[in-house]
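Student: Chain residues, written in single-letter form:
There are 2 protein chains.
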Amino acid sequence: MPALQNDTLIRALFRQPTAYTPVWLMRQAGRYLPEYNETRRRAGSFLALCKTPSLAAEVTLQPLERFPLDAAILFSDILTIPDAMGLGLYFEEGEGPRFERPLRDETSIANLAAPDPSKSLRYVTDAISEVRRTLAGKVPLIGFSGSPYTLACYMVEGQASDDWHKVKLMLHQHPGLLHRLLETNTRAVATLLNAQIEAGVNVVMIFDTWGGSLSAAAFREFSLEYIQRVLSQLKRGSGAARVPVIVFTKGGAPWLERIAATGCDCVGLDWSVDLGDARRRIGAGAALQGNLDPAVLLASPEVVRREVQKALESFGKGAGHVFNLGHGVPQFTPPENVAALVAAVRELSPKFH
Amino acid sequence: MPALQNDTLIRALFRQPTAYTPVWLMRQAGRYLPEYNETRRRAGSFLALCKTPSLAAEVTLQPLERFPLDAAILFSDILTIPDAMGLGLYFEEGEGPRFERPLRDETSIANLAAPDPSKSLRYVTDAISEVRRTLAGKVPLIGFSGSPYTLACYMVEGQASDDWHKVKLMLHQHPGLLHRLLETNTRAVATLLNAQIEAGVNVVMIFDTWGGSLSAAAFREFSLEYIQRVLSQLKRGSGAARVPVIVFTKGGAPWLERIAATGCDCVGLDWSVDLGDARRRIGAGAALQGNLDPAVLLASPEVVRREVQKALESFGKGAGHVFNLGHGVPQFTPPENVAALVAAVRELSPKFH
Chain A
69 MPALQNDTLI
79 RALFRQPTAY
89 TPVWLMRQAG
99 RYLPEYNETR
109 RRAGSFLALC
119 KTPSLAAEVT
129 LQPLERFPLD
139 AAILFSDILT
149 IPDAMGLGLY
159 FEEGEGPRFE
169 RPLRDETSIA
179 NLAAPDPSKS
189 LRYVTDAISE
199 VRRTLAGKVP
209 LIGFSGSPYT
219 LACYMVEGQA
229 SDDWHKVKLM
239 LHQHPGLLHR
249 LLETNTRAVA
259 TLLNAQIEAG
269 VNVVMIFDTW
279 GGSLSAAAFR
289 EFSLEYIQRV
299 LSQLKRGSGA
309 ARVPVIVFTK
319 GGAPWLERIA
329 ATGCDCVGLD
339 WSVDLGDARR
349 RIGAGAALQG
359 NLDPAVLLAS
369 PEVVRREVQK
379 ALESFGKGAG
389 HVFNLGHGVP
399 QFTPPENVAA
409 LVAAVRELSP
419 KFH
Chain B
69 MPALQNDTLI
79 RALFRQPTAY
89 TPVWLMRQAG
99 RYLPEYNETR
109 RRAGSFLALC
119 KTPSLAAEVT
129 LQPLERFPLD
139 AAILFSDILT
149 IPDAMGLGLY
159 FEEGEGPRFE
169 RPLRDETSIA
179 NLAAPDPSKS
189 LRYVTDAISE
199 VRRTLAGKVP
209 LIGFSGSPYT
219 LACYMVEGQA
229 SDDWHKVKLM
239 LHQHPGLLHR
249 LLETNTRAVA
259 TLLNAQIEAG
269 VNVVMIFDTW
279 GGSLSAAAFR
289 EFSLEYIQRV
299 LSQLKRGSGA
309 ARVPVIVFTK
319 GGAPWLERIA
329 ATGCDCVGLD
339 WSVDLGDARR
349 RIGAGAALQG
359 NLDPAVLLAS
369 PEVVRREVQK
379 ALESFGKGAG
389 HVFNLGHGVP
399 QFTPPENVAA
409 LVAAVRELSP
419 KFH
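From first to last, the protein sequence lines are chains A and B.
Okay, so the first sequence: first residue is 69 according to this note's numbering, each after it adds one.
Okay, so the second sequence: first residue is 69 according to this note's numbering, each after it adds one.
Among the hints, erroneous ones may be present.
Since copy identity is lost for identical chains, a pair holds within one copy or between any two.
Unchecked claim - No farther apart than 30 angstroms at their CA atoms in a straight line, the calculated lysine-lysine pairs in the DSSO-like style are these:
| id | residue 1 | residue 2 |
| --- | --- | --- |
| 1 | Lys385 | Lys187 |
| 2 | Lys378 | Lys234 |
| 3 | Lys385 | Lys303 |
| 4 | Lys234 | Lys318 |
| 5 | Lys378 | Lys419 |
FYI, nobody ran anything at the bench for these hints, they're computed from the structure.
Modelling step: build the complete structure from the supplied sequences, incorporating the hints.
Tutor: Structural data, given as C-alpha cells:
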C-alpha cells in the first residue's frame with residue numbers, strides 16, 4: 069500500500085493535530101453531479117452501477133476531480149448485504165429501494181446466512197481495489213456498511229417507511245426473532261467491513277440511518293448493542309496502521325455519550341445538535357463528524373460560507389473535527405455550492421488549528 | 069365554570085402530588101375508533117368535521133366514553149389558522165393536508181393578517197363551549213395550536229415534506245421574510261389560544277411538530293423564540309385558576325433544557341429520550357408528558373402493559389408525569405390496546421406516588 073499523501077482525515081479521526089479541518093460529504097458522489105448521471109445512464113441502473121466495479125470506481129472518484137476533498141468514499145449501497153442474502157433488491161424509478169422477498173416469518177429468518185464477501189459481494193472489494201489503484205494514496209478511501217438494525221428495518225419492511233411499524237411490531241411481539249436476524253446481520257456487516265479493510269480502505273463508517281426511529285431503550289438493545297458487536301469483530305489493526313471507525317446514528321443526538329462509548333473513533337452527528345454541545349458531552353471520548361443541515365447546500369454560496377464559519381466556531385479550536393453534512397448531499401444541490409463549502413472549510417478552518 | 073371533578077392532570081402539570089399518573093393520548097379521538105369514522109362519514113369530510121362544532125364536540129368526547137382518560141382534547145387541526153388566513157386548506161383522500169395558495173413571495177407574506185378568532189375561527193370556540201357543557205367538569209379540556217414555525221412549514225411548502233427544503237431555503241436565503249411570517253403566526257397563535265382559554269379550556273398545548281427538523285441554532289432562532297413569544301402573550305391567569313401550558317417539540321430531545329426554560333409548565337417528549345434522563349436534565353424546571361412509542365399500540369395488550377410499566381419506572385417516584393404517547397395514536401391501533409394502556413397506567417402508577 070502506498071503511504072497517504074494527505075492523511076488529514078485520519079489524523080482528525082484520531083484527534084491528532086492537523087493544519088486545517090478535513091472535509092468530505094456523505095453522498096459526495098451522486099445525482100447532483102452531471103457526470104454521475106452520465107455514468108449511471110451508461111450502467112443502465114443504480115444497481116448495475118453498484119455491481120460494476122469499474123463504474124462504481126469511476127463515480128467514487130468523480131467528486132475528487134472537482135473538489136479538493138480530503139477523502140473518497142466507496143460508491144455502493146448499504147442494501148447490497150441483504151441483496152447478497154437473497155432478498156432481491158430492486159429500485160423503482162422515483163421510489164426508494166424495495167425487496168422482492170422481505171422477511172416476515174421465523175423460517176425465512178432462520179434460513180438467512182451472512183454472505184461470503186469473496187463470492188456474492190466480490191464487486192465491492194473489486195471496486196475498492198480499482199479505486200485504490202487510481203487514487204494511489206492521494207487521499208484516504210472510506211468503506212462502509214449499514215448497521216445491523218438499519219439493514220433489518222429494510223429487510224422486514226421490504227422498503228423505507230415513515231413509521232417502521234412492521235419491524236417495530238416484530239421488536240415488541242417477537243423480540244427473539246429480531247435478535248436472531250440482528251445476529252446474522254452483525255456477522256454479515258463485520259465480515260463485509262473486514263473484507264473492505266483487507267481490500268485496502270483506510271477508514272470504515274457504520275451508517276445507522278434508522279436507529280434514531282427507536283425509543284432510547286430499544287435503541288440500546290436492538291441497534292447500539294449490535295454496532296458494538298460489529299466493532300468488537302473488526303480487524304482494525306494497530307499502531308499507525310489502525311483503521312479508524314466512524315459510527316453515525318441519524319437522530320442519535322439524545323444518545324451521543326453512549327455511541328461514543330462503543331469504542332468507535334468518531335461519532336457522526338446529524339444537524340440537530342450543536343457541534344460545541346456535542347464536544348462538551350463526549351469530551352475526549354471520540355472525534356466528531358458533521359454536521360451542516362444539507363438544506364444549506366440549496367441556498368447561495370454566501371450562505372454556505374457563513375454556515376461553514378458558524379459550524380467551525382461551534383466546534384471551536386483544536387483537533388478532532390471532520391467537516392461533513394448531517395446527512396447526504398441533496399439531489400438538487402448546485403455543484404458550485406459544494407465547491408463553496410469545500411473552499412470555505414479550507415480557507416476558514418486553519419485558524420481553528 | 070364548574071369545578072373539576074378530576075383535576076389529576078392539572079395537579080401533575082403543576083408538579084403537585086397526585087394519587088396516580090394521569091393519562092391522555094395525542095389523537096385519542098381519531099381514525100382508530102369506529103365511532104369516529106362514523107361521525108366523520110356523517111360530516112362528509114375531515115374539514116367539515118373540524119368546522120361543525122356539534123360534530124367536533126361529539127368526536128372529542130368519544131374516547132372518554134370508552135376509556136377512563138384524565139383529559140379530553142379538543143378535536144381540531146393545527147392548520148385551521150392558516151386556513152382562516154385564506155390559504156385554502158384541503159385534504160386529498162389518503163394524502164396529508166394541502167394548501168391551494170402556499171406562501172412563496174414577499175407580497176403574500178406581507179399581506180397576511182392574524183385571523184380574528186371570534187369571526188373566522190368561531191367554530192373552534194363554539195366546539196369548546198359545547199364540549200364543556202357536556203363534560204360538565206368531569207375532566208379537564210385541553211386546547212391547542214401548532215407552533216408558529218410548524219404552521220410556517222406547511223404555509224410555505226403547501227403540504228408536508230420529508231426535508232422541508234422550501235421553508236429552509238427561505239430561512240437561509242430570506243430570513244427576514246420568514247421572521248415576518250413567524251411574527252404574524254405568533255399573533256395568530258397567541259390570539260387563538262387566548263380565545264380558547266376564554267372559551268374555557270383548562271390546559272393549552274403547543275404542537276411544534278416540525279421544529280425538530282431544524283438545526284440546533286435555527287431551532288432557537290426560528291421556532292423556540294416564537295414559542296416563547298406566544299407564551300409571553302398568553303392570558304394564563306393566576307393562582308388556582310392558572311391555565312397550564314404544555315410545549316411539545318417532536319425531535320426536540322437534544323434541546324429539552326431550553327424548551328423547559330421557556331416557562332412552560334410541561335415539556336412533551338417524543339419516545340427518543342428516557343423519561344428518567346429527561347427528568348434528570350430538566351430537574352424541577354417543568355413537568356414531563358409522554359412518551360411511549362406509538363408503535364407499541366400495534367402489539368398485544370400484554371406488551372402494552374409491560375411498556376407502560378417500563379415508562380413508569382423510568383420516570384420513577386414522585387409528581388410531575390403525565391402519561392402519553394410520544395406522538396399520536398396510529399390509525400390501525402386496536403381500541404382494546406388503548407384500553408389496556410389506560411388500565412395499565414391506572415393500575416400500575418399509584419405505587420409511584
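Student: Each hint needs a verdict: does it hold in this structure or not?
Tutor: To see whether the hints hold, each was checked on the structure:
1. Lys385 x Lys187: neither (46 angstroms within a copy, 56 angstroms between copies)
2. Lys378 x Lys234: Close across copies (22 angstroms), not inside one copy (40 angstroms); limit 30 angstroms.
3. Lys385 x Lys303: neither (32 angstroms within a copy, 46 angstroms between copies)
4. Lys234 x Lys318: both (20 angstroms within a copy, 22 angstroms between copies)
5. Lys378 x Lys419: within (13 angstroms within a copy, 49 angstroms between copies)
In this structure, the earlier hints numbered 1 and 3 are contradicted, and the remaining ones agree with it.
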